[in-house]
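Participant: Letter by letter, the chains look like this.
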Amino acid sequence: MTQKHDITLDINGKKYEITVEPRRTLVDVIRDQCGQTGTHAGCHHGVCGACTILLDDEPVRACLMFGIQADGKKIRTVEGLADGDKLHPLQQAFTDHHALQCGYCTPGFLMLAVGILEKDPDISHDDLISALSSNLCRCTGYANIITAVKAAAEQMRAG
Amino acid sequence: MASKTKVILGERLRRLEDPPLITGQGRFADDINFPHQLHMRIVRSPYAHAEIKSINTGRASKIPGVVAIWTYDDIQNLGPIDFRADKSAEELKAFRQFCLAKSRVRYVGDPVAAIFAEDPYIAEDAADLIELDVNQLPVISDADQEPGEFDEGLGSEAALLTHTFGDVSSVWESAYLVVDVDLRTGRHSGVPLETRGAIGVHNKATDTLELYGAAKIPHRNRDTLVRMLSRPPARIHLHEGHTGGGFGIRGELYPEDVLVLVAAERLGRPVKWIEDRQEHMMAANQGRNQHHLARMAFDQDGQILAMADEFWHDQGGYVRTHGANVPNRTMCMLTGAYKIPAFQAKCHFRLTNKTPAATYRAPGRFESTFVRERIMDIAAEKLGIDRVEIRRRNLVGVDDMPFKIRFDEPGLETLVFDSGDYESLLDKALVHFKWDELQAELNDRRAGGELVGCGLGVFVEESGKGPVDGARITVDTNGDVEVLTGGASLGQGFETTMAQITAAALGADYSKITVIHGQTDRIPYGIGAHAARATVMTGSAVNITALKVREKALDVAAELLQTTADRLNIENSEVFISDNRNGPSVSLAEISERLAPGSKHLGGREPNLSAEGFHNTKESAFPYGIHFAVAKVDAETGHINVERFMVAYDVGRAVNHMLLEGQLVGGCVQGVGGALFEEFSYSEAGEPLAVTLADYLLPSMDCAPAVECLVTEDAPSPTNELGIKGGGEGGINGVGAAIAGAIDDAIGQVGAVTELPVTPQRMREILNRAG
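Quick mapping for you: the protein sequence lines, in order, are chains A and B.
Heads up: the first sequence runs through residues 4 to 162, numbered per the working numbering.
Heads up: the second sequence runs through residues 112 to 882, numbered per the working numbering.
Each hint should be verified, as a subset may be incorrect.
What the hints assert, rightly or not - Incomplete in silico selection of chain A near chain B, CB under 10 Å:
1. Thr11
2. Val50
3. Leu103
4. Cys105
Quick caveat, the hints were computed from the structure, so don't treat them as lab data.
Ideal Cβ placement from N, Cα and C applies to all residues, glycine included.
Full structure from sequences and hints, please.
Facilitator: This is how it looks when you write it as structure tokens:
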């Protein structure tokens, strides 16, 4: 359990060559061993979705995987969303529409929404609500998150 | 995002807080690390009530990487977690919690040992090997059962509290109608998405203890730590970073906060503790859990003659930092927005073997509004008076303001409702919600077989309780403005709010303002962010201070522009002659330079473009509101769908409507959780049954109603210069009351809802009872 293994994580295009215990969760490895603390652990249990990242472009809960399972896979986190100073349309929409208060769930919601909209840019309202309902926010009451994601979707469709 | 126009209060300015939070650059508790740090893991009691016979740490201490293991014996010189307002709580002192259990454990989750290790995974491994040997004791599972024993010779009823005015006893016999209710509110909590965290550091060079991960009330907690650790205030500092939600429960002083500080000093290394979710659900403050037997007397026209309430407050295992604040708030706000001639409330403040309770957003008010408004619905039905009309007849009138509620008991604070036009808000809200049209529509739908109905809850909130807060504002030679406060940011938009007030008062460029909060080493005082105080208290202090800086800037500018200060204005950090906008001007940066220490332009002035100011008040500001709900019941599953919800709320004056609505909507959805889903339930043996977010159900997006807001500014508060009243709790206060009313209406059975949350199981029971 505590015997360590060498792995390489590709996070936002940067390679991290690290040595991990097999039991370390992916969220812990991303945060503690790669220093990317934008991804948050809210429940360690796969329920709240604060730790949502994109793994090979699929939204996944980083608390439900071990770091070692992500060896060689392409990971995207909130730190990689903006293009230099230019915010991703979803980031911009979240601040424009007051879709965050404490900001703790925000990275997870952003990555979930990126994953949803990249796969299905024309997603219907009901399907969007259904998909976004997999993450929890305790501050906003959600309405502004819905508004922001829809505004960003429009922006992304327009290119 | 430089603002190119004058900033005004009320404007929907985008938040200053957002850039780091949307790019993953936040600094939450778990993002803070120090070289050579240790990790603390708390071993918690698996028993609800037991006497500790022994704690064997032998096996755990042999794990490589474990540096120390402490039990109570190792911290014998450390007193229990103290009350914030310790004078009023003298009789409750015996019920305080030690940082590690002394001789008994009193809830599942009670800390019994602390492990310090090189790595959090190792600390958790070691925790599994701690052997706790106990004699189990009888479990007190509810506050309304026979009182038990807190300690040898000490009963579980910590206090019998009362609030009284007028004579209720003569009313019951003669009244036209007396309504009796038996109501319960479930055990809820704030459940912020970030769990708690604390990092203790001992700076040996200065012999200063530093606590990171602080929130809500860093200065007040500093003061408590000063007492507990016998250190001067200059040698303990608390630091607030980003905080992932507060809601009243985060940022109180807990055992873990004290332990990391004591350990950092004693072990000579920084000590980090991050709570996991399961711990959070059994260790962080809970609330709301009350059982009320209440009654109200009415005359034939629906005028309230008297109200009485005896209730049992389930405090859990210990009395924490607030003392008996929550039951006291429950009692003093029970009468709400109504004029009631005689009143008697009695609270059995009882310890049980559950996680300790304290304040959760709108503490005592969510509960008391549920009780009072349930009775109003039943009285309306029994008297054949419309639900809205009976409320209207009893409202405190605009001519009654300021409206005083004086309690007979010596020492109890008199409430002074500072301002308000409750009936006007009711009228506006009815129109906005289209109440009359709605009744016809719902009648049609019910005729078509749907179980759908509407309800409302009227309430008064409390905010801005003093006594004082202050601020320091400095404009540097680059024109950057630092607003230094002792406030706290829990996600509510504190920085934006303070910057907006500063920009409006001083005329400074909003984008050049930095707001400091939660740093006890930067400013010696601070009221923090609790009980909707921040915008009223700190905001007022910031306004006063910004106006002082403005005065100083205008004084210098008048000299430079060869005019008098009263002819000058400031916008976007430029001082100009009011009737000559495009004429000569001088920037705040230039003025700051002329006021630099040693500057030959100082004249007789104090150096620096800065000021310190205070807002003092003896009075609270009382906002008021009405909640409206439309709910549909699924008879088969018991599921309740809240189709519509409206929060009508008067805040006196809004600083930023976008943030205010954010508070109202967010609070409302939390209230929906408390009304329908959320509950910390326990087995008979006192085992917590909701220790994950899969058991304790927070509202998710698909079950959160789209909340409409009607914000009015009809009754500015006379307690402060800007007229502000607090906005943090108005979204949640009446949610339980309004949804209960809507469910009753949907099933055509007034008074059917007697307990929150109305889970699908409870809804099914209600329907089955109704046949």
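Participant: Look at each hint and say if it fits the structure.
Facilitator: Verification of the supplied hints:
no.: 1; hint: Thr11; in the structure: violated (21 Å)
no.: 2; hint: Val50; in the structure: holds (4 Å)
no.: 3; hint: Leu103; in the structure: holds (6 Å)
no.: 4; hint: Cys105; in the structure: holds (3 Å)
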